[in-house]
Amino acid sequence: MSAGSGSLPRYILQRLLLIIPMMWVLITVVFILLRVAPGDPVSAAVGGKLDEEALDQRRAALGLDRPLYVQYLEYLGNVVRLNFGETISDNRPIINIIRDNGGATLTLTLGAFLFALLIGIPLGLYAGRRRDTASDVSIRIFGVITYAAPIFWTGLLLVILVAPTGWPTFDIASPITKFEVEPVTRIILVDAMIAGNWDAVIDILQHHVLPCFTLGLLLAGVFIRLVRVNILQTLKDDYVEAARARGIAERHVIRRHAFRNALVPVITVIGLQVALTMSGAILTEKTFNWPGLGTQLVDYLTARDYAAVQGIVTFIAIVVVITSVLVDVLNAVIDPRVRY
Amino acid sequence: MTEMTDRSASTATSGGPVIDARDLRIWYGTDRGPVKAVDGVSFTLRKGEILGLVGESGCGKSTLGRGLLGLLPEGAKMDGQLRFNGEDLLALPKKQMFAKRGAELGMIFQEPLTRLNPLMRISEHFEETLKAHEKRIGKAEIERRSMEVLRLMGIPPTRFRSYPHEFSGGMRQRLMIALSLVLRPSFVVADEPTTALDVLVEAQIIRILHDLRREFDTSLLLITHNLGIIAEACDRVAVMYAGEVVEIGDARDVFAEPQHPYTRELLRSTISLASTGLNFIPGAPPDLVDPPPGCHFHPRCPDAMNVCATTHPIQREMKNGSRTQCWAADLRNGYAQDLTPEQTTPLSREEISVADEA
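Sequence order for the protein chains is A and B. Just so you know, we're using this note's numbering here: the first sequence kicks off at 1 and counts up by one. Just so you know, we're using this note's numbering here: the second sequence kicks off at 1 and counts up by one.
Simulated from the structure, these hints should not be mistaken for laboratory data. One or more hints might be untrue.
With a Cα cut of at most 25 Å, we get these calculated DSS-like pairs of lysine-lysine [what the hints assert, rightly or not]:
hint	chain 1	residue 1	chain 2	residue 2
1	B	95	B	77
2	A	236	B	139
3	B	100	B	135
4	B	131	B	94
5	B	36	A	236
6	B	47	B	36
7	A	236	B	47
8	A	236	B	95
9	B	139	B	94
10	A	178	A	286
11	A	236	B	77
12	B	47	B	100
13	A	286	B	95
Just so you have them, the derived chain A footprint on chain B, three or more residues with Cβ under 8 Å [said to hold, decoys possible]:
hint	segment
14	17 to 29
15	75 to 85
16	278 to 285
17	298 to 312
Have a look at the derived ranges for each label pair, beta carbon to beta carbon [claimed, not checked]:
hint	chain 1	residue 1	chain 2	residue 2	range
18	A	13	B	232	50 to 58 Å
19	A	156	B	138	40 to 48 Å
20	A	134	B	287	52 to 60 Å
21	B	195	A	17	39 to 47 Å
Beta carbons: idealized from backbone N, C-alpha and C, even for Gly.
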């Protein structure tokens with residue numbers, strides 16, 4: 001067992017290689033699910049307007065009349081080349097949807113994570129240190145409620161509470177900002193910064209608060225419980241007592257030994273929560289009319305545009321896989337035991 | 001119960017005992033009432049001396065060891081008198097106690113595998129410990145002093161930046177010892193330091209602890225349930241039963257001529273190649289919430305007399321120099337001559353042992 005230096009890059013490489021099989025399984029599942037789902041994309045998209053022969057023509061044009069394995073292989077090949085296909089209903093390349101709407105989802109989820117960490121970790125640590133006191137019980141109840149409450153309910157409640165103050169909630173016409181910003185990265189917050197339009201930046205940030213907070217609360221519930229349990233565990237750990245026995249000051253023991261070690265499993269779970277965040281993001285976007293991928297997904301799903309759904313879901317799956325691998329790597333950097 | 005007289009009763013700063021504990025009591029509050037884990041313990045420890053503390057599980061020896069460092073869990077209370085180089089530790093503010101811990105009072109624990117923070121390099125453990133007590137210490141000095149103790153413990157300097165999981169159990173215990181010695185404390189509690197280790201490593205650790213006084217002039221309280229370790233490493237031995245020290249004296253004297261029946265039975269239950277059968281002390285250690293009246297050991301004692309069930313014996317100095325609290329030992333050593341024949345009649349014990357086995 002040589003020192004940790006040689007093994008970390010090897011571990012990272014292993015994790016990265018694992019992306020390939022994980023991705024393959026995911027893509028296959030997406031493909032199968034959409035073929036098993038009832039209804040036929042062509043008749044769903046234009047059903048009722050065309051006769052059977054015209055429908056068959058459309059199917060042939062989309063290649064849907066070919067054997068499944070041919071379609072599957074073609075789909076695989078396209079995904080490898082990052083070609084997610086086109087929508088059936090309005091012939092938009094999926095990659096454009098991802099480009100145009102992905103930014104809004106990205107800032108929404110990052111903002112939500114920020115809120116979740118800011119709320120969840122301090123509250124969890126506080127509750128853990130004051131176990132079974134009134135504040136611990138209240139924090140736990142708060143955590144359960146925020147986790148259990150449906151997003152659209154929390155969201156609408158917050159809107160009702162906040163709207164009278166004049167704080168931007170949502171606006172059907174231009175959900176993120178009333179300002180026009182030159183699209184460069186298509187992440188509107190970044191674009192506004194590039195343009196140096198600080199009024200727009202402030203406006204965009206204000207618009208982010210409510211949706212991010214709503215989604216963040218859901219995640220905060222998970223974090224509170226997780227951090228609390230882990231801090232209770234590490235406070236009892238032998239090395240914490242041993243540190244006290246060496247005369248390390250209590251606040252230092254708590255910070256360096258108990259808190260830090262309690263956060264390791266939390267990071268792992270954060271990785272697992274990426275999927276929860278994505279599904280939460282879809283509901284949040286719908287609630288706040290947020291122009292992200294989730295809104296697009298729901299819209300195309302309602303239109304039974306399976307090609308669009310398949311493309312967007314594949315992309316989301318890729319994001320989830322990559323983030324969870326990144327979290328694994330982060331974990332290995334923090335915890336030397338993981339590398340073996 | 002502790003008629004405390006000691007050869008070195010005066011607590012001068014130098015020459016006096018490093019540790020002078022008198023009538024120490026530690027109890028935990030529970031729903032059933034206070035658990036008297038340590039019940040009036042007195043002892044002294046001189047510079048460079050190794051005192052072995054032996055007893056069954058649950059007799060309060062670990063609690064006593066932690067109490068000496070002020071490491072008791074919440075809800076535990078402690079009183080009595082505890083002087084460390086003449087300074088009253090129990091009157092010390094919490095903050096000053098933290099400053100003493102590690103620097104002057106060290107602790108070595110039972111499970112070396114879990115006592116090091118898995119996320120921190122060995123070097124970080126040393127750095128943290130040294131910095132906690134010497135704010136302005138430099139990097140080079142930290143490394144020099146850490147390397148010095150590590151070398152004494154036989155840890156190669158190349159391993160300084162390794163993580164705890166890269167070491168074996170025995171090495172980790174040596175790391176723990178090095179870590180508790182890096183600040184040269186004058187008093188160290190070692191709480192069953194070898195229990196989790198195999199026999200060869202055990203011998204190695206015991207040798208290291210035994211040599212501490214030569215290298216560091218450290219006084220050591222060695223808590224163990226292994227009498228072999230006491231015989232090998234300790235100058236004096238204190239035998240604990242139900243929160244009390246029932247016998248304390250020179251290790252050789254106590255082992256050669258145990259005065260207390262519990263010590264004798266404990267020695268007899270040690271397994272060796274010469275032992276033909278398995279000796280054990282019938283019954284279980286008493287409930288520390290509600291210990292038996294009189295001598296706490298009387299329900300299990302083969303020598304019990306009527307007086308033992310009613311009156312608590314007093315600790316007295318025996319002919320071999322040890323201090324023992326036992327009526328039977330008193331009689332043998334010319335004390336307690338005023339006991340009536342009725343009191344010295346062997347205790348009729350059928351019902352007790354039946355109740356005990358039940």
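Results of checking the hints against the structure:
1. B/95 x B/77: 18 Å, holds
2. A/236 x B/139: 31 Å, violated
3. B/100 x B/135: Roughly 14 Å between the alpha carbons, so the hint for residue 100 of chain B and residue 135 of chain B holds.
4. B/131 x B/94: 19 Å, holds
5. B/36 x A/236: 23 Å, holds
6. B/47 x B/36: Given pair residue 47 of chain B, residue 36 of chain B is violated - Cα atoms ~29 Å apart, limit 25 Å.
7. A/236 x B/47: The hint is violated at about 33 Å.
8. A/236 x B/95: Within the cut-off at roughly 21 Å; holds.
9. B/139 x B/94: The given pair, whose Cα atoms are some 29 Å apart, is violated under the 25 Å limit.
10. A/178 x A/286: Roughly 19 Å separates the two Cα atoms, so the pair holds.
11. A/236 x B/77: 20 Å, holds
12. B/47 x B/100: Holds: residue 47 of chain B and residue 100 of chain B sit about 17 Å apart, inside 25 Å.
13. A/286 x B/95: 55 Å, violated
14. 17 to 29: With 0 residues close enough to chain A, the hint is violated.
15. 75 to 85: Violated, because only 0 residues of the segment 75 to 85 of chain B bring their Cβ atoms closer than 8 Å to Cβ atoms of chain A.
16. 278 to 285: violated (count 0)
17. 298 to 312: That given contact is violated, which follows from only 0 residues of the segment 298 to 312 of chain B lying within Cβ reach (below 8 Å) of chain A.
18. A/13 x B/232: 50 to 58 Å: With a Cβ separation near 51 Å, residue 13 of chain A and residue 232 of chain B satisfy 50 to 58 Å, so the hint holds.
19. A/156 x B/138: 40 to 48 Å: Violated, since residue 156 of chain A and residue 138 of chain B (Cβ atoms, about 60 Å apart) do not stay within the stated range.
20. A/134 x B/287: 52 to 60 Å: 34 Å, violated
21. B/195 x A/17: 39 to 47 Å: Once the Cβ atoms are compared, 44 Å apart, the range 39 to 47 Å for residue 17 of chain A and residue 195 of chain B holds.
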